[in-house]
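Student: Chain by chain, the residues:
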Amino acid sequence: MTASDAYVVGTGSALPGPPVDNAELARHFPVNAEWIERFIGTRTRHFAVDLATGEQRTGLAELAATAAGQALAKAGVEPDEVSFVVLGTASPDSLMPATVNLAADILGIDRVPTFQLQSGCAGAVQALETAMALLSPDRPLGLVIGGDVCAKHMDLRRGLGKLPPSELVNYAIFGDGAGAAVLSAQPAPGALAVRHVLNRFTGLGRPPGQVINWYGAAGRADGEQPVVEDYKAIEARVPVMAGEILWELLDRTGWDAGTISYLLPPQLSGVMTPRIVKELGLPGTVEVSVVAEVGNNGNALPFLQLDRLAEMVRPGERAVAVAVESSKWLKAGFTLEGV
Amino acid sequence: MTPVAIVGIDCRFAGAGDPEQFWELLRRGEEGIGPVPPQRWDVERYVSEDGRPGTANSRLGGFIEDAEAFDHEFFGISPKEAAALDPQQRLVLQTVWRAIEDATIDPRSLAGSRTGVFVGLMSSEWGNLHMLDFEGLTPQRGSGNGYCMVANRVSYHLDLKGPSIAVDTACSSSLMATHLGVSALVSGECDLVVVAGVNLMLTPALSIFYTQAGLSAPDGRCKPFAAAADGIGRGEGVGVVVLRRLEDAMADRQPVYAVIEGSAANQDGRSNGITAPNRWSQREVMARALERAGVAARDLTFVEAHGTGTILGDMIEVNALGELHGQGRDEPCWLGSVKGNLGHTEGAAGIAALIKTSLAMSKRTVPPTRHSREENPRLKLRENGLRLAKAPVQLPRGRVLAGVSSFGLGGTNVHVVLGSAPPTRWPARDGEAGVLTVSAASPEALRRNAAALLGTLGATADAQLSQVCFSSNRVKASLRHRLAVAGRDRATITGLLSRALSDDAAFEAATGRAGARPRTGMLFTGQGSQYPAMTRRLYEASPPYRERLDAVDQALRPHLGYSLVDALFAGGEEIHDTGLAQPALFAVEYAMGGALLDLGVRPAFMLGHSVGEYAAACLAGALDLEDAARLIVLRGALMRELPRSGSMIAVKAAVEDVRPLVDACADVSLAAVNGPGDVVVSGDSAAVAAIGDRLAAGGARVTRLTVSHAFHSPLMRPVLEAFGEAAATVTARTPSVPVISTLRGRRLDGEPMDGAYWTEHIEGTVRFGDALAVALAGEPTHLVEVGPRPVLLPLARRAGAAPASVRGLVPCPGPAATGAELAETIAALYLDGVEPRWPVLYSDGQRVPRRLPVYEFATAGRFWVDGAVATVVRHTRPGEPAAGAAAPVTAAAVEVGHDPVIAAIAAVGGYAPAEIRLEARLQEDLGYDSVILMQLMDQLKAGFPALGRIPVAEVVPQVATVADLLALVRDPAEVA
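Just so you know, the sequences run in chain order A and B.
Note that my numbering gives residue 326 to position 326 of the first sequence, counting from 1, and the numbers run on in steps of one.
Note that my numbering gives residue 47 to position 47 of the second sequence, counting from 1, and the numbers run on in steps of one.
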């Protein structure tokens, strides 16, 4: 779709606890710090669970509310001015109540429509597009949030030595956090105009590249992996899809590649992302990436990138964001322009 | 009409102790109606089901809690006087204070302003009870009563010079007070107006009256517009709004609840009886208010009606509204009445309606009207263009308008048209250092109020921290007992605050008292203290530092040829090149010291070590910034070109032992004498090394300094001529702050810091030890080290010169600085009595006042009537300490506990003798005005006849504290 008038007027981030570096990670899990550095490229990440005590220090609702509060404050918007809230996540605190409503409660937001999208890395873009569709004269300002907390998948009690490498690697890749943006129908100084949003399912007939299972009282079957990734497929497909997304976004926005100042690439990992950026071939653009410092934050990532971008971008400068969700092969991205 | 903003609100109604609870009650459609508390009157004696003469037909009403509690200590009112005050005065006084704080204004900042006070009330049952007790009439009881005194007491205690008026138009009193307050703002008579309404029920008189007039609901509840409506239930309350012209409020960035767009008042004149409402007059007053607001009735989304819930009253009011709203509307107008929740609060009814509507505007929700599920069909609301909100109704976006009606029993009608506040955006940003301040009347109150503030910090975003700190400085910094914590992020500030509240030592460290006058000296660090990227964090975190450093960067640029800020924060080791080090230290110190001056620090002296003297001279006003910038760049550049053939050593030895060795070498000198056993030798490397060896052999500790050149030595001589020529054009000015020279080792009295001075400065010995001794002789309370890291403070401490009682402050502790240390320095000075210019601490975009929790008054002191018409007694709730007993009893107080003079001083104010502290001020702390002092003197004369010879009028102005009075009584001749 093409946006008429949607502006990001405030951004915020929330990362739980202090950063956890690879050496510390290796103290808690049978992973090798050097190996992570070299093959995954993530240097630090944050966890909602305190690795030392195993206690969960925060939930997704708190992180989402903190990020959103920060975005509201930077926009100079009071919580009661918010006309709707959209949250994208793959890891809600509970299936009910939806985490978006708990976050709204913490923020002091009441009596507005709320939505929660069950989504992966494309979730932020899905939330953004949903929010843009909701903007109207009666609902001139909304809150868009993305975040994930992998606490439910961090089993500190089990003997990790027995884990297959395909499961173990997730401990090195993922991190927890939330990001948020205030979306307004009105521009404001320092705002980012959303020019075009791309958000598309492209996985017809293609097996999932990533599966995260969930379990109820019936528990999981013996030997079933809660998180499964097809790394070979991801490695092969994502760079190609990223290129297609970039090309399509530029084409739809009518922008020449040479006019782009900032690139927000897919945040797969500290090693994969630079590889994709290289293949995208946008010389002269500044890459805005966070994955090496925060790990793969799922739904939070594009917002964390946006939060960083907002500090840098000047009026008239252009930015392109590209995201790929390899679960069932979703293409996502958007173009932005400094106001 | 000039729009008037409602900027502050505070209130207490039945079932709601503050505006937040009030809103919750409204939003949920709840009520605060309950039985008459036993404290009020013997309900069984004055009640009957059938409402026979002399009785009321209901046992219920809307009563507020803690009506008898009063923080007399806060206002400096003695217990005896507090007990003699109409509780309506006490309630209004406290509520006004809180409402002004809610308006993001420090009530103390209004002293002397032409702020107006308009209080609506329609009864003073306290007065009715007490003024008939002729035996018990005291001066305090006289001034403790009367409608006017409710307003006048506010003006007195807050020192407000605008009109101060009690308004009685019966049930419309407080909306009439609003109308008058608005007029005072529109006419320009006042710039700020406080409007209050208050109503307390101490006797059943009006309940009996309503019953006898057939107006009283047997269930004690108003059921406005309901099929079940059957009369009035009475309610208590106190409400205050703070008003300001919208333009002024916007310019001040104050948060606005709602805007009064128009108001009007009229009278029924000769209607169907003096108490009968009049439809035409009601219509007229509403039309007139709409006209003044420049809007049509159809523009109103909501009307808060007078809505008492009498069949006739509801009918007349709906018909009057129908004349305006019955046609031309797309949708019916929402109709409500707060009386369904609170009862009819009489003198406070108008302000209750106004506050409800203001909150509805700011929350953009019309709360439901209680008892409205089954509306009275005979009112034909729809036909009259009206509908009742049966659940909370979301107001549409954009500008929304509402009307508020209040009609008096005697026919005086008021209508106010409210508009929603104009949208504002004040984007916040994180990373700036701020100081969070709280202040209170006593240490206990400080804890209580700090805890309240801590409670709201949880919901504060990091980005809002500066705005919250700024607001706390603006609103909550001026009371005597103060707490301050500094930081750059919420976690730091909340951590410090919660530690202060849980740990006595931390509380001690984070608190202080106003009143002291610190003598602060500034010490400017010399060369050698520099390091790569020094003060970068401070530059990021502190707008005043950033502003000053940018200014000095501009001044240096023509001489340096590049930006010092860029070079400095590039972070390279070239900072140790003296060509950069000297201008960089000057810039950093000028900016740091300048920021301190901008923040309101008034130093007693400035003292600079060597190069540090440049920033000191400049900030003291002895040297212009342009001259200083030119000279320091030249100084660095010239020295840089000198051969690197010299070196410097620090020696721990007596100057007498070093001097002969130095004097024996032509190319060596005493570069600095930092203290009696703290000497620096500088000059030709070989010669210096030889001297060092000899001193070391003699047992002295010798440290080789890492320097590029032998500063302050004969090796500097080649630059003197060129420097002297350039320095000759310097304009030496008379400093505005005393400068203690390290070149002279004494204070410069009239000696100019001219070209010759600065030329001599290059080679001359740095006599820091002597200069410091001079500085300390002036008994400073604080020394601030202005430099990139502390060097001089440790030097001063090492020599044992600076006593431990002198507090050392470090705005930049070194490479590990967080950037918050300048803010911490200001916080420390504030706790010790400095009154900082707080706004300077924040960038313009962060100087946005935000509402914070308002002052929480003590509730331990309770004052009430005992019996229907009887003497006043002091009550204390079981389990709570007696009023004032929580205050620390000093040793002095214990000692004097049995002193007859103390006993008399205590008795006259109703204090316990142990509560009287020697240092307590008679007027400000004990609340003894001249009338009470006269009484006291009369009593004392009985026991101390010598006093009788002194005219009391002469004594009063000379006696400030309890101690003064004791001295006088014991030795009257001293005073006479």
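Keep in mind that the hints were calculated from the coordinates and are not lab data.
Be aware that one or more of the hints could be misleading.
[As the list claims (entries may be wrong)] Chain B regions said to be covered by chain A (calculated; three or more residues, Cβ under 8 Å):
#, stretch
1, 150-163
2, 362-368
[To be verified] With a straight-line Cα cutoff of 25 Å, these simulated DMTMM-like cross-link-like pairs (lysine to aspartate or glutamate) come out:
#, chain 1, residue 1, chain 2, residue 2
3, B, K363, B, E323
4, B, K363, A, D110
5, B, K390, A, E224
6, B, K363, A, E287
7, B, K363, A, D21
Note that CB positions come from ideal geometry on N, CA and C, so glycine has one too.
Student: Run every hint past the structure and note whether it holds.
Tutor: Outcome of the hint check:
1. For the stretch 150-163 of chain B, the assignment as covered by chain A is violated, since 0 residues bring a beta-carbon within under 8 Å of that chain's beta-carbons and 3 are needed.
2. With 4 residues having a Cβ less than 8 Å from any Cβ of chain A, the stretch 362-368 of chain B passes the three-residue criterion, so the hint holds.
3. The hinted pair formed by K363 of chain B and E323 of chain B fails the criterion: a straight-line CA distance of about 29 Å is larger than 25 Å.
4. For a cut-off of 25 Å, the pair hint linking K363 of chain B to D110 of chain A stands: about 10 Å separates their Cα positions.
5. Our distance criterion of 25 Å between C-alpha atoms is broken by K390 of chain B and E224 of chain A, whose separation comes to about 54 Å.
6. Proposed proximity of K363 of chain B and E287 of chain A is contradicted: the alpha carbons are some 42 Å apart, above 25 Å.
7. As the CA atoms of K363 of chain B and D21 of chain A are separated by approximately 45 Å, the hinted pair breaks the 25 Å bound.
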